[in-house]
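Chain A is already provided as a structure; the job is to place chain B on it using the hints.
Protein chains: 2
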Amino acid sequence: MKVNGQPCRTIRLHPDNPRIVQIIDQRQLPHRYLLEDLATVADFAAAIREMHVRGAGLIGATAAFGIYCAAITAPDDGKDFDNFISDAATCLKATRPTASNLAWAVERMIKAMATEVEVPEKKQRALLEAEAIADEDADFCRRIGEHGLKIIQEISKRKNGEPVNILTHCNAGWLAFVDYGSATAPIYAAHAADIPVHVWVDETRPWLQGAKLTAWELGQEGVKHTLIADNTGGHLMQHGMVDLVIVGTDRTTRCGDVANKIGTYLKALAAHDNQIPFYVALPSSTFDWTICDGIKDIPIEERSGEEICYVSGQTDGGGEERVSIAPLNCQAANYGFDVTPARLITGLISEKGVMRANQEDILRLYPEHG
Amino acid sequence: MKVNGQPCRTIRLHPDNPRIVQIIDQRQLPHRYLLEDLATVADFAAAIREMHVRGAGLIGATAAFGIYCAAITAPDDGKDFDNFISDAATCLKATRPTASNLAWAVERMIKAMATEVEVPEKKQRALLEAEAIADEDADFCRRIGEHGLKIIQEISKRKNGEPVNILTHCNAGWLAFVDYGSATAPIYAAHAADIPVHVWVDETRPWLQGAKLTAWELGQEGVKHTLIADNTGGHLMQHGMVDLVIVGTDRTTRCGDVANKIGTYLKALAAHDNQIPFYVALPSSTFDWTICDGIKDIPIEERSGEEICYVSGQTDGGGEERVSIAPLNCQAANYGFDVTPARLITGLISEKGVMRANQEDILRLYPEHG
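Taken in order, these protein sequences are the chains called A and B.
According to our numbering, the stretch in the first sequence is residues -12 to 357, in order.
According to our numbering, the stretch in the second sequence is residues -12 to 357, in order.
Misleading hints may appear alongside valid ones.
The list treats identical chains as one, so a pair stands whether inside a single copy or across any two.
As the list claims (entries may be wrong) - Straight line, CA to CA, 20 Å or less: simulated SDA-like cross-link-like pairs of lysine to any residue:
#	residue 1	residue 2
1	K110	D63
2	K211	Q318
3	K80	A320
4	K211	G304
5	K146	H226
6	K211	A320
7	K(-11)	L315
8	K211	N316
9	K211	G292
10	K144	M228
11	K283	M228
12	K(-11)	N316
13	K110	P354
14	K283	G227
15	K144	D348
16	K211	E293
17	K283	Q262
18	K339	R145
19	K110	E23
20	K144	P264
21	K66	P107
22	K283	H226
23	K211	L315
To be clear, the hints were calculated from the coordinates, so they are not data collected in a lab.
With the rest of the complex left out, here is chain A (with noise of 0.2 Å):
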């Protein structure tokens, strides 16, 4: 995708130094854009940690460039090259211990270096499975585009060219992956076919990732888009207003039941009783196939009332500063997830095509975990 009209990937090696990699500091953003260069571990632990990076994607290639840089760095000796990865896996993984893709990306990058061969020569592989872990990311992203891309067509026609509305909550977008992301990904395939969309961004209280992060990747692709309280979806789908609704996933059940962003929930009961599509795209790494009822079965961190009662953001003087609102000790919950039932979704869109949300047709896909 691009920023400033140039294209960009959230993550890459550094143009002139391929010891360094670069990431956006998203905690920055939307007010100011800036790159990060990270060489040893502990940059990337804390680009990790202290979420200057976050989305289950660019975690995962994080990760798996962090134990690159891990690996161009440790000592030649075999053995003790080895315990030095260890030591790299052990702290990356330790970073966000429910990030999910982040123990996966560390894992198949020992796994990749784990042969038989020189050090120099798992130097290399590090390298090479770093930017595979990568790429594969931004090509199911680009694939999960081409397959939603045929769902906007569709209402495009319909609407004989009239843009198509789509409302989308919190960061499911390039920010959270390596490119395209997965609920922008349509988004940007039918903005890139000349196809008029028009974006409802939700704000999404509490983090405002939609305020701070869907908002600026959408302008700086140059894709129409209107802010909105998270209040607000539920009217405009009463009067006609939302075509389309496209989310991510934080985790999905082998029956198809949804955990995303808190406040998903409301938008897929709105959309259900206003006859709205409901889609949630995802990179198929999300699902967990061993559970079934989302509700029951997938736990829901809760976080530090803090970030209710106090919201951060650019003042008028230019710094960034945080504002309490709500009177001094109120007591505040702060769960990060809801669970929106299978029965609320018209369908998934995955890297492998659109399915229906019930085990039978997500095992039709995934024959492999029948």
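Using the frame of chain A, we list chain B on its own:
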């Protein structure tokens, strides 16, 4: 209700000078509790226009006291007096043209003075009528509390005295009326009757009336409460953490559709999906007897997108400041209200009692509108 442990109404004559009216400058809450003195029509007009006071009941009472202050400062010549009052009425009615209680209160004040008596007697009647309007508002809310209390008592019995968890949206509290509030009246009545209650307070973006006003007034009264992002209610309801929803309304159709703060409809959908009772509390002045289909016939106010793109609050340094939470020049849409269809509403609680949200049941309590 109480502030700092002392009984208090949201509007009253100054205890030391009956020519001055005291209000709470609600823009300063929750961080500063400031009483403000109003004496001239210009004072009252500014207080209403710039939302030092808000909420249907309180706007009406403030306008009534505004006419009272106009009357006591008006010339003693009959014709000059009438002209002075007429100008004051025009000025006050123009401050918030869509607030139907405002025009109603002003008209009622004028009618009370439109008799063949001398000007000093008219001034006396102005005071009595303004006090009657305020007392009636408080009394209606108190009665809403009595009727709603029975609903909470029933749930409390079923839960064997475990706290009754009540979710509310926006501020239909005593700060919006002269006393007690509408949605909060049953909660305060239960609290006074030693029934354990706990309130989930929707922060209510974009204005944050839940975080800034409802959390504050519940805290002053000692009612247990927890602030949540507007996105959270669905998750809580799915997990049995909400026993009852009570909200207010700005306008209620004769068929039971309810226009209330944006986002109310989403909570009604979630309550319906989880078989949780959803009640709307209202003084009957919010009924609009001329319309039935709220989604079709209630125009929804649109306000500035700035209220979406900026959040105001208190900085760590103690000053009041606004912070930008979106890309600069981001387009934003700001709808003030949405309509909850009657089919999602368990019942309406008015000063006359509890009724189901359909025309037949409503007209049984209000046969004069049949």
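Hints versus structure:
no.: 1; hint: K110 x D63; verdict: within (10 Å within a copy, 97 Å between copies)
no.: 2; hint: K211 x Q318; verdict: between (38 Å within a copy, 9 Å between copies)
no.: 3; hint: K80 x A320; verdict: neither (27 Å within a copy, 41 Å between copies)
no.: 4; hint: K211 x G304; verdict: neither (28 Å within a copy, 38 Å between copies)
no.: 5; hint: K146 x H226; verdict: within (16 Å within a copy, 39 Å between copies)
no.: 6; hint: K211 x A320; verdict: between (34 Å within a copy, 13 Å between copies)
no.: 7; hint: K(-11) x L315; verdict: between (42 Å within a copy, 18 Å between copies)
no.: 8; hint: K211 x N316; verdict: between (40 Å within a copy, 13 Å between copies)
no.: 9; hint: K211 x G292; verdict: between (34 Å within a copy, 16 Å between copies)
no.: 10; hint: K144 x M228; verdict: within (17 Å within a copy, 44 Å between copies)
no.: 11; hint: K283 x M228; verdict: between (34 Å within a copy, 14 Å between copies)
no.: 12; hint: K(-11) x N316; verdict: between (43 Å within a copy, 19 Å between copies)
no.: 13; hint: K110 x P354; verdict: neither (35 Å within a copy, 85 Å between copies)
no.: 14; hint: K283 x G227; verdict: between (34 Å within a copy, 12 Å between copies)
no.: 15; hint: K144 x D348; verdict: neither (27 Å within a copy, 45 Å between copies)
no.: 16; hint: K211 x E293; verdict: between (33 Å within a copy, 18 Å between copies)
no.: 17; hint: K283 x Q262; verdict: between (26 Å within a copy, 17 Å between copies)
no.: 18; hint: K339 x R145; verdict: neither (26 Å within a copy, 50 Å between copies)
no.: 19; hint: K110 x E23; verdict: neither (23 Å within a copy, 72 Å between copies)
no.: 20; hint: K144 x P264; verdict: within (15 Å within a copy, 42 Å between copies)
no.: 21; hint: K66 x P107; verdict: within (13 Å within a copy, 102 Å between copies)
no.: 22; hint: K283 x H226; verdict: between (34 Å within a copy, 9 Å between copies)
no.: 23; hint: K211 x L315; verdict: between (39 Å within a copy, 15 Å between copies)
Checked against the numbered hints given earlier, the structure breaks hints 3, 4, 13, 15, 18, 19 and satisfies all the rest.
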